[in-house]
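Since chain H is already given, all that's left is putting chain V on it; use the hints.
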Amino acid sequence: MQALIQNIINGLAQGSVYALVALGYTMVYGVLQFINFAHSDIFMLGAFAGLYLSGWLVLGGVTSPVILLTLSMFGSMVFCTLVGLTVERIAYRPLRTAPRLNVLITAIGVSLFIENFGQVIFGADPRVFPALIPTKSILSGEDLVLSNVQVTVITVSALLMIVLHWIVHHTKIGTAMRAVSFDIEIASLMGIPTDRVIAFTFVIGSSLAGCASILYGVSYPKIEPLLGVMIGLKAFVAAVFGGIGNIMGAAVGGVVLGLAEAFVVFYVSSTFRDALAFTILILILLLKPAGLFGSVRREKV
Amino acid sequence: MRNYLKIFRLTLLSIALFVAYSSCTKKESGQSQTSQATELLFGEFGSMTGSESTFGVATHKGIMMAVEEVNKAGGIKGRQIRVITYDDQGKADEAVTAVTKLITQDKVSLLLGEVASSRSIAAGAVAQQYKIPMVSPSSTNPKVTQIGDYIFRVCFIDPFQGAVMAKFAMNNLKLQKAAILRDIRSDYSVGLANFFASEYKKMGGEIVADLAYSSGDMDFKSQLTAIKGKKPDLLFIPGYYTEVGLIARQARELGVKGALLGGDGWDSEKLTEIGGDAILGGYFSNHYSHEDQNPVVQNFVVQYKAKYGEIPNGLAAMGYDAAIVAIDAAKRAADLSPQGLRDALALTKNFQGVTGIITINEERNAVKPAVVLKVAGNQQYQYVTTINP
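So the protein lines, in turn, are chains H and V. First residue of the first sequence: 1, per my numbering; consecutive thereafter. First residue of the second sequence: 1001, per my numbering; consecutive thereafter.
Treat the hints with caution; some may be incorrect.
Pulled a few chain H residues facing chain V out of the computed Cβ check, cut under 7 Å [unchecked claim]:
#1 Asn10
#2 Val128
#3 Thr155
#4 Ala262
#5 Phe266
No lab work stands behind these hints: they were computed from the structure. Fair warning: this is a prediction, and the values are worked out from it, not measured in the lab. Where a beta carbon is used, it is the ideal one built from N, C-alpha and C, also for glycine.
So here's chain H without its partners, still in its complex pose (with noise of 0.2 Å):
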């Protein structure tokens, strides 16, 4: 039994920083229909972001762990918005009413670019992210641990999640995202500036993965340049999951991910976790390819 609780703690974790990644390939998608390759790669920037400035708060005298962590994940949000805006501006932008494939094919192309990007600039070599904030046991029963970072990782995806749910559904430039998403050529005769909403689709999306990627840092201190790659393709999986577009889908999506990967691992084997991620893929647009909570669209010929 205190196996099962331990596992599902260990899991929500996991699964919470698969939920912030998925929320961006899900936002993107819902207002563009194609798939940011590319956000993945954004998330490792922004854990080099977050290495880095940590790095120097720290030199600067930044001692106390709630204003660290709060600084970094703020730094690497805003750094990772001004990659998502330029990319969206340089790449994507330019190609808004070319045929879809081609949008796609530059994701990869911008993907792959800042893979590469990374290893020169980072080098190869895993590098070790600073513990903003000491590893400590809020629960420590005999077979039960609660870490303070597990808790730190689980509450702020789901506050960020609530916000998001916020922004989307009561603001003004919310409704205007749900109305670009319907129909992006009917909202732009309705007066509503559509660049401006795909670009602020871009910085939401950035900034949830600069947040995650330094919830990442903190609770897997190891970061590389390729670090993206995994995550983003659970990510992925996690969002097709929930239904592609649909911001609650890719939330429970990344902790059913996480939760199931902690399961597999523990009860069966762990060479079967990252085959699980796939498998769930496959299963999924097999048997209902518009995701749990995915609603069919109809295509207009």
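Quick look at chain V alone, frame taken from chain H:
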């Protein structure tokens, strides 16, 4: 405008031609000095550049030091040893090219190399084909010497370390219950884990859990949760330092108690960086320690420091040993032909090297002791003990 472009292109072309030509001539001048009568030619191939250049450079320094010593003492049977070194850039195909060139053009009598098993395996096939003896300083994969009767090594093979750590856990630490966490994707790790398990059980120990992960994984909490339930006295993690650091951290976070043990895959300054306080006090097996108080080792460390101004790492010591084992064989050989050198190498017995007393067995592997190191703070590894085979 067009003319300018033409001139520009011509200049570029001539520069390219010049560079190509000069690089060709350099290689030719290297060969023309070949004079077999007064010299004994050794060929070395290693990763002098590329991402693993630290391995190749350290090995090269060790080899050159050994060769200089013997040349100063008058060489072998009146002949001076000359080492021809080629860079394989850390690539297996380049290693094959380098070895082919060393054998067919430079006509070396013996080959020294490589550090990485993958490159030793690729190059060893060529050496075996031309029947030129090859001595690998530090390729530990069992397959290297299985290529054929001309391929030797002066290091122990991977699985031996598993047996060493089992002995150490049982005899020195006196721990009875072990858990294993192995990297299922790495032959190295699986080999160590298997040999650890069989030796440990033979000595009366109990393996309470034997679980796996895949290199590249970040999260090991599920496996560690399972291990924690079994309450082992020690956790054997025969993986590489990146994962080991993370595993140690997560193990301590989850409250897994017991000693942490591993193999030479731990040997990196990154281990303590990633593992932090969690990895401190862990033990791992290695080829050599510069803290070993054996006078042979201390003498080597002093000489090396005087020559290069740095403390020799394990690879430098292995490079040195590969060269002196080859030199010793040359001294004993009936004649200095590749065949004669091979036969003498195979008869190497109780030879005192820096990394221990080396005997070449019938599988052409070195039978020799391993050292056990303890992970201390400040990226330091303390010498604990030497375990004999």
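Status of each hint after checking the structure:
no.	hint	in the structure
1	Asn10	holds (4 Å)
2	Val128	holds (4 Å)
3	Thr155	violated (18 Å)
4	Ala262	holds (5 Å)
5	Phe266	holds (4 Å)
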